[in-house]
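Guided by the hints, dock chain B onto chain A, whose structure is given.
Those protein sequences? They're chains A and B, same order as listed. Residues in the first sequence are numbered from 28 upward in steps of one, following this note's numbering. Residues in the second sequence are numbered from 12 upward in steps of one, following this note's numbering.
Please keep in mind that the hints were generated in silico from the structure rather than gathered at the bench. Backbone N, C-alpha and C fix where the C-beta goes; we use that ideal spot for every residue, glycine too. Keep in mind that the hints are not guaranteed to be accurate.
Unchecked claim - So these bits of chain A aren't anywhere near chain B, every CB distance computed over 10 Å:
1) M47
2) K94
3) I159
Claimed, not checked - Examples of chain B residues toward chain A, derived with CB under 8 Å:
4) T102
5) Q123
6) E124
7) G144
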Amino acid sequence: MKEFKVTPIRNGTVIDHINMGMALKVLKIIGVKEDVNSTVSVLMHVPSKKAGWKDIVKIEDRELDPKELDKIALISPNATINIIRDYNVAEKFIVEVPNVIKGIMKCSNPGCITNQSEPVETEFVVESKKPITLRCVYCDRLTTEIAENIQ
Amino acid sequence: MSAGFRGMDVVSIRDFSREQIEHVLKLAEKMVPIARGEERSVMLEGHVLGSLFYEPSTRTRLSFDAAMTRLGGRTLGFSEPKGSSVAKGETLADTIRMVDAYCDVIVLRHPQEGAARLAGHFADRPVINAGDGAGQHPTQTMLDLFTIRKEKKQVDGIHVVVVGDLKYGRTVHSLSEALAMFGAELTFVAPPTLQIPKEHLKAIEGMGKKPKITSSLEEAIKDADVLYVTRIQKERFPDLAEYQKVAGTYRIDLNVLKDVKKDLIIMHPLPRVDEISPEVDSTVHAKYFEQAFNGVPVRMALLGLVLGGLK
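So that you can see chain A by itself, here it is in the shape it has in the complex (with noise of 0.2 Å):
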């Protein structure tokens, strides 16, 4: 008999092929605190035959927003997404990678207007996909230090 080290889920969403290392970056994405009524199972360091070692994130009676997967997308390009609905897999997508990055991180240069209190949304077009690569609208810096900037 197959052994589960995490039994399926009946309704909510699968984050597979998160990048190793990642996955309490994605619980801190969606939002995973005290007030969480879901069972949320965490895997790290799991064998994967893409990328030799991946993270898993299931979370329960719960589906992704847009922002909450581009956010996704942006720290683990190849993560897939797999949608459970009555113990099958309703939907399944790799996430993708916008091409223009509204508000839902910070610029990593201190000196930014955006990091000062003014009343704009951060926005950062997309220079590179691979790595990740992007250019802040304003102040024109490149980063590709994404997970300590998302917000």
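For chain B alone, coordinates are given in the frame of chain A:
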């Protein structure tokens, strides 16, 4: 190639094509007699310039003021945030919205990078960036190009050595990208901790140029056509100990200039502290005071274009 200048923000030199910059320089040439006071103009009569300087400036602020006045317009604003609502904690966005209602064009200097781009989002009137932190200073770049073209007749193929604070020096960032666009060969001379940032180097390399990077001025200066000197800016260093390590690294004096080309020109965005010895001022190489004057006709051309007085 002047289509689209009217109402345009002047935030970064990257927003301009070579043809557009050449058009500005051509018009600036025509502005020289007015800038010198030899001819009169009422081209911008009735227009108001809002001049917002959140950081000290002598040349940039006064030359914008002179440019506007020489064309018959008026200037209002502040030369330091003390005494304005900014001191009470008003956001830049709110200040811009207000000034936008009082003026026809806004000139902004601000210590934060990206400030002019932000101002452009909140203003309906054109915004001209007069320096944003360690970011861009496009009108300085245009007057530098104007000076080089005037002295050297062309920019293509000439060897420009840029020395000093290449990390925090905003004039260097804008200028080096524009020089690469115009086909100049570049050498960057700085201590390793103050070398040109990677994003600017990447932009220059993207234009097919391969600049030389060195910390030795002696080596680089021998075949230079233009020596562009910048001040090591104490106010931009987060750590004073870092400043003290590099302050005074390069000093241009007659001894440094003994083996240079006869027609080498020396430029400096000013103010200088001690990076160019006063004895150099009387040599044929010194062009930094002409360069400072050139700010007036270049800014006249830009004001004329964004306000629709010039086409």
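**Numbers of the earlier hints that this structure fails to satisfy, in rising order** = Hint check: nothing fails, all pass.
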